[in-house]
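**Q** Spelled out from the first residue to the last, the chains are:
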Amino acid sequence: MSQKMITAKPKAASSTPRPRWQRVARRFARRPMAVTGLILVVGFVLFAILGPILLTDPNQQDFTAILQTPSFAHLLGTDDLGRDVFARIANGARVSLMAGVMSTALALIIGITIGLITGFYRGWVDVVVMRIVDVMLAFPFLIFAVGLAAILGASLTNVIIALAVSQVPEVIRIARGEAMAIREQEFVSGAVADGARDGTIMFRYIAPNAMSAFIVQATVAIPAAIIGESTLSFLGLGVQPPMSSWGIMLTSAQQYLAQAPYLALFPGIAIALTALGFNLLGDGLRDVLDPKETR
Amino acid sequence: MLRRTLNIGCMAAASLMLVSCASTPSASPSADEVVAGGIAVVALSDEPDTLDPTVANTFVARVVFTAFCEKLYDSNDSLELVPQLAASLPVTSADGLTVDIALREGILFNDGTPFNADAVKITLDRNLTLDTSSRKKELAALQSVEVVDDNNIRLTLSRPFSPLGAQLADRAGAIMSPTALETLGLDFGTDPVCVGPFDFTDRVPGSEINFTKSDYYYDKDLVKLDGVTYKFITDPNIRAANLRSSDINVAERLNASDVDQLGADGVDVLDVSAIGYQGLTINIDPTMSSSPLASSVELRKAFELSIDRDALNTVVFAGQTTPDCVPLPKQMAFRPDDIQCVDFDPDAARALVEASGETLPIPVELLIPARPTDQKTAEVIQQMANDVGFDVTIKPVEFVSALDLGRAGEFDMFLIGWSGRMDPDGDLNDLLTTGGTNNYSRMADSEVDSLISEAASVTETDARRDLYAQALDRIDEIKPLIYLYHDTWFLGLAGITGVEYSADAIPRFKTAELTK
Amino acid sequence: MLQRVITSIVTLFLASIVVFVGVRLLPGDPALVLAGETADPAVVAAIREQFGLNQPIWIQYFNYVGQALQGNFGVSTRDRIPVAEILLQRLPITLELAGLAILVGVLIGLTAGIVSAVKRGSFADYAANVFGLIGLSVPHFWLGMLAILFFAINLQALPASGYVAFTEDPGENLRRMILPALVLGTGLSAVLMRQTRAALLGQLSADYVRTARSKGVSRNREVKHALRNSLTTVVTVLGLQLGALIGGAIITEQIFVIPGFGKLIIDAVSARNYPVLQGAVLVAVTGYVLVNLAVDIAYAYLNPRMRLAGGAR
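Chains as they are written, first to last, in the working numbering: chain A, 6 to 300; chain B, 5 to 520; chain C, 1127 to 1439.
Do not take every clue at face value.
Capping the alpha-carbon separation at 20 Å, the derived lysine to any residue pairs in SDA-like fashion look like this [unchecked claim]:
| no. | chain 1 | residue 1 | chain 2 | residue 2 |
| --- | --- | --- | --- | --- |
| 1 | B | K520 | C | P1167 |
| 2 | B | K140 | C | G1162 |
| 3 | B | K305 | B | L364 |
| 4 | B | K141 | C | K1245 |
| 5 | B | K217 | C | A1171 |
| 6 | B | K141 | C | Q1176 |
| 7 | B | K141 | C | T1164 |
| 8 | C | K1245 | A | M38 |
| 9 | B | K125 | B | A98 |
| 10 | B | K141 | C | G1342 |
| 11 | B | K140 | C | T1164 |
| 12 | B | K140 | C | A1168 |
| 13 | B | K140 | C | A1171 |
| 14 | B | K224 | B | T238 |
| 15 | B | K141 | B | T441 |
| 16 | B | K520 | C | A1168 |
| 17 | B | K140 | C | P1167 |
| 18 | B | K141 | C | A1168 |
| 19 | B | K141 | C | A1171 |
| 20 | B | K141 | B | D391 |
| 21 | B | K140 | C | K1245 |
| 22 | B | K140 | C | R1174 |
| 23 | B | K334 | B | P350 |
Computed beta-carbon distance windows for the label pairs [stated by the list, open to error]:
| no. | chain 1 | residue 1 | chain 2 | residue 2 | range |
| --- | --- | --- | --- | --- | --- |
| 24 | C | P1296 | B | E150 | 55 to 61 Å |
| 25 | A | Y126 | C | P1296 | 56 to 62 Å |
| 26 | A | Y267 | B | G41 | 21 to 27 Å |
| 27 | B | N390 | A | Y267 | 43 to 49 Å |
| 28 | B | T318 | A | I114 | 45 to 51 Å |
| 29 | B | D395 | A | I114 | 31 to 37 Å |
| 30 | C | N1299 | B | G41 | 23 to 29 Å |
| 31 | A | A34 | C | T1237 | 30 to 36 Å |
| 32 | C | G1297 | B | M292 | 43 to 49 Å |
| 33 | B | N390 | C | P1296 | 41 to 47 Å |
Output of the computed footprint for chain C on chain B, the stretches with three or more beta carbons under 8 Å from beta carbons of chain C [stated by the list, open to error]:
| no. | region |
| --- | --- |
| 34 | 137-148 |
| 35 | 207-214 |
| 36 | 227-233 |
| 37 | 244-254 |
| 38 | 405-416 |
| 39 | 478-484 |
Calculated directly from the structure, the hints in this document are not laboratory data.
Remember, predicted model here, so these are calculated numbers, not experimental data.
All C-beta atoms in this analysis are idealised placements derived from N, C-alpha and C, irrespective of residue type, glycine included.
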């Protein structure tokens, strides 16, 4: 996984003249790169939802139209079985976005819960969890994900699980750090003094204040997971055929690199653009949510 | 790299002489075009396992063995037996229970140890007794080995077994230096010594194995190269690219789709129809497979009718394989002459499916090894079968795990091939006989069992062919396997000539020479 | 400090268990792989016994650890060559690839980061930012495919793959390492560029630099000073990126057929070569943990104000 995280400082509930999200949106809209990112992401989400509905069947083979270069009938050409590449990329968008978003969401849910609990209670729970986290982090991300996917077997669900589990330790660390820091703040001690229950404190007081850190982590993790999915699929550990995934499309394109280079071009561009969209969006959100960091 | 300047392929050389280079063995150009000595670099499609003939199992190891480890017998273009280290063909007694083999005289192993009957006995005994010997099963009929004199051995069999000669033309007949066996024991494969044109130098795991010309080889005057290096390059595109750039001289198993382009780029390509087959193995044990295919011969017929073997060949293999419906390859002398495959007929298939009374579509889970070509084949078959009322789902599993599932019977249908053997027994026995280890389809038919075992005990070619014809007919009635095609393998040559590439698809470099 | 070292050792010990068990959780029997197409059950059983696979897993583990601590990692199931020998042969190849990739990464990443921070808002800054974002967003394997497509297939300028030992032919060795190192170094340079830029901007706006500026210190010296203080970030980032580098090396070696550690791991997975697989993964993990430890220590040394516990990751 790339990028050391620059964690946001917690914000105490302060009184502001305007709702916070409006300020954020304004600042966000002033950044062309961030807006470009948002447009790319929204575009790919729409493409993933609408593409498969509007386009031809991505699995329909046509042996009379094999390896055709892009044309009006097939915007991005056809593959080695005469399937429409554009339709397959649209279908692959679903797989990629699902794998990227679902695995990150799963990792956040698990990681934040564990992280908040260990950061809040400390003690032996913290020691045990952090030992496990250390061990997991001792494995480079890809080795861990490849190993897990190989053990679980190839399927979309297993890829999501493998990517989620590989991300969890990083999330635990962040959530734990946030919990430890925010816990010491006045408004939390106030709540404790008022007799609020532990669960309430963790999820009503601490979690919302750590939200910007989590959002920033998500925007870093999603593109990494999208690239992770395509890498696992490329290594044959991803989704099952005839389902198309950008990684699988690239694997088969490798065989035709000399004859049909466009087969290798478009799925790669799709991966890069989607990841770029999330990265731009993430940069923008980080700037907006965390104005103290100059970027 | 040393061999940078070798790009004038065989094409150019051959066209000067008006001889096609695609013949086998490839034509030898006139003396001024060849380069004396030099090391030929050969790209294999995979890394061989240990270079110990008693335990080795990979096809690529068989390729490497030809460089340094000769066998008692070899096979010719019709997959018939010819003597190699033996002096003549085996002589079988009238009852079929003793086999006499005369050996070549006065030859040496590559470490200078004399080759004789004692050495042969030591090797064969090792093959029979070593715990991890993969040859034990191949030599199951062999009871004992007796040294008659220095140059003659006598084999005693427990039952008449005509495929024995073919086994001795494979790894079971590769004779190892007793001196090396003595020193290395189980680790023979780390520094192997046999009789052969080249001698093992070293192995870089994951990368290459090096051989240099042997000083002790009996035919060393015929050997022109100073050595051979086998590199392991698993990606066929990269093998092709390296051939184009003359980084390598020879590439094994090129993609069918690359062949035309390579020819245009001046690389010479030889092809051989491989003796193995590819097929769809169907689990016909209804207690293990929930697919209706398991219990219905009619549905299995329908499935076969739904497959257009020719279209599969065109789309996936650029028309380069040999579509077929039996396991025995076309070049095999024992193959019956009157094989008639059923034609692609989706309407008839649909009718059979509808007549079956099953709820449509009929579910079939197709297990495949997760490899690009298998994946593609499966996707084509899926579309064809689904067209007539099946519902094929593809389950790609990494190769090793797929074999596990196949062996355990955890599949409805399994896309898996067999590398093929010189003798038909090796393509049928154990694969389709009751209780066989490789009988993934759980076929259990006494008629097939007895026909196959009878055929192995008969020595006369016509009689054997006839028995195999009956066996194949019976197998086709039950249809535990839908045979699809025999592969064609392509060998690319750049800057090298005199390479032998014949029916067994194993390139040999004994007489090869580099060219300018 | 000592505590940090002890933690690392405990982590490694636990990781070795994870590797050992994980390797055995892979579906597929290594004995069956070795026994090959014909797989005689008797042979399979004999192979299992030969490699001790028929023993309970904890006994296998203790035997393994006992031997491994003496430097004996067993023999490869595929060719019976000692694992330690294989690892020693492969390690320098991957280290060379990683070293060149780091060189590429640092050269491009640091330069671009400095330029874009110093010339903030300029076209160069904009271009560097775009490069950084694209570098982050492009998967290694695709970049590798494009490199092969362009340089090897279209231009035929560089070989598509293969490896020549540096000792055999240094020029050829480098010629073949150019593409893989560039592919592997791109991602690194993107991260480095972004981090260098951020760190440098932070430093340039820091109080002491502003003070220096008001005293009339030249821009050059000012940047030099800030740069020195940003170096800790660069060192940290390099340590952190090692994991990504190892992952990237696996893919890069696979694509360019370089017989290094990554390819060793992938080949060992498909052959279920347990001794080689656990040896290679353990060495990779150990290297990773040790480098991170070294980074933490270096960090504390370069920047004593930072407490170790809150250090890098």
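**Q** All the hints need checking, so say for each whether the structure fits it.
**A** Hints, verified against the model:
1. Distance check on the hinted pair: B/K520 and C/P1167 sit about 51 Å apart at the alpha-carbon level, beyond 20 Å; violated.
2. For the hint pairing B/K140 with C/G1162, the CA-to-CA distance comes to about 13 Å; that is within 20 Å, so the pair holds.
3. Between the alpha carbons of B/K305 and B/L364 the distance comes to roughly 16 Å, so the proposed pair stays at or under 20 Å and holds.
4. A distance of roughly 75 Å separates the Cα atoms of B/K141 and C/K1245; the hinted pair therefore is violated under the 20 Å criterion.
5. Between B/K217 and C/A1171 the alpha-carbon distance is near 38 Å, which puts this suggested pair outside the 20 Å criterion.
6. A threshold of 20 Å between alpha carbons decides the hint, and for B/K141 with C/Q1176 the separation of about 19 Å falls inside it, so the pair holds.
7. For the hint linking B/K141 to C/T1164, the alpha-carbon distance of about 9 Å falls within 20 Å, and the restraint holds.
8. A C-alpha spacing of about 18 Å is found between C/K1245 and A/M38, which places the hinted pair at or below 20 Å, so the restraint holds.
9. For the hint linking B/K125 to B/A98, the alpha-carbon distance of about 23 Å lies beyond 20 Å, and the restraint is violated.
10. Distance hint between B/K141 and C/G1342 is unfulfilled; the C-alpha atoms sit about 89 Å from each other, more than 20 Å.
11. About 11 Å separates the Cα atoms of B/K140 and C/T1164, which keeps this hinted pair within 20 Å; it holds.
12. Note on B/K140 and C/A1168: the hinted pairing holds, with a Cα-Cα distance of about 9 Å set against a maximum of 20 Å.
13. As the CA atoms of B/K140 and C/A1171 are separated by approximately 13 Å, the hinted pair is consistent with the 20 Å bound.
14. Between B/K224 and B/T238 the alpha-carbon distance is near 32 Å, which puts this suggested pair outside the 20 Å criterion.
15. For a cut-off of 20 Å, the pair hint linking B/K141 to B/T441 stands: about 11 Å separates their Cα positions.
16. About 51 Å separates the Cα atoms of B/K520 and C/A1168, which puts this hinted pair outside 20 Å; it is violated.
17. A hinted pair counts as satisfied when its Cα atoms are at most 20 Å apart, and B/K140 with C/P1167 qualifies at roughly 11 Å.
18. Straight-line distance between C-alpha atoms of B/K141 and C/A1168 comes to about 9 Å, which keeps the hinted pair within the 20 Å bound.
19. Our distance criterion of 20 Å between C-alpha atoms is met by B/K141 and C/A1171, whose separation comes to about 14 Å.
20. The suggested pairing of B/K141 with B/D391 is violated, with an alpha-carbon distance near 43 Å, which exceeds 20 Å.
21. For a cut-off of 20 Å, the pair hint linking B/K140 to C/K1245 is broken: about 75 Å separates their Cα positions.
22. For a cut-off of 20 Å, the pair hint linking B/K140 to C/R1174 stands: about 17 Å separates their Cα positions.
23. Distance restraint check for B/K334 and B/P350: the Cα-Cα separation of roughly 27 Å exceeds the 20 Å cut-off, and the hinted pair is therefore not satisfied.
24. For the hinted restraint 55 to 61 Å between C/P1296 and B/E150, the CB-CB distance of approximately 58 Å keeps it satisfied.
25. With their beta carbons about 58 Å apart, A/Y126 and C/P1296 fall inside the hinted range of 56 to 62 Å.
26. Against the hinted window of 21 to 27 Å, the Cβ-Cβ separation of A/Y267 and B/G41 comes to about 45 Å, which falls outside the hint.
27. The supplied range of 43 to 49 Å is broken by B/N390 and A/Y267, whose beta-carbon atoms lie about 28 Å from each other.
28. Hint check: B/T318 to A/I114, Cβ distance near 50 Å, so the stated range 45 to 51 Å holds.
29. For B/D395 and A/I114, the Cβ-Cβ distance of about 35 Å falls inside the hinted range of 31 to 37 Å, so the restraint holds.
30. Between C/N1299 and B/G41 the C-beta distance comes to about 25 Å, which sits within the given range of 23 to 29 Å.
31. Under the hint 30 to 36 Å, the C-beta atoms of A/A34 and C/T1237, about 33 Å apart, fit the expected range.
32. Between C/G1297 and B/M292 the C-beta distance comes to about 59 Å, which lies outside the given range of 43 to 49 Å.
33. Taken as a hint, the range 41 to 47 Å is violated for the pair B/N390 and C/P1296, whose Cβ atoms sit roughly 57 Å apart.
34. Counting residues of the region 137-148 of chain B whose CB lies closer than 8 Å to any CB of chain C gives 5, which reaches the minimum of 3, so the coverage claim holds.
35. Counting residues of the region 207-214 of chain B whose CB lies closer than 8 Å to any CB of chain C gives 5, so the stated coverage by that chain holds, three being the minimum.
36. A stretch counts as covered by a chain when three or more of its residues have a beta carbon under 8 Å from one of that chain; for the region 227-233 of chain B and chain C the count is 0, and the coverage is violated.
37. Given a C-beta distance limit of less than 8 Å, the hint that chain C covers the region 244-254 of chain B holds, as 5 residues qualify and 3 suffice.
38. Here the region 405-416 of chain B counts 4 residues with a CB under 8 Å from a CB of chain C, which clears the bar of 3, and the coverage holds.
39. Residue count for the region 478-484 of chain B with a Cβ under 8 Å from a Cβ of chain C: 0. That is fewer than the three needed, and the coverage hint is violated.
Hint compliance for this structure: hints 1, 4, 5, 9, 10, 14, 16, 20, 21, 23, 26, 27, 32, 33, 36 and 39 are not met, and every other hint is.
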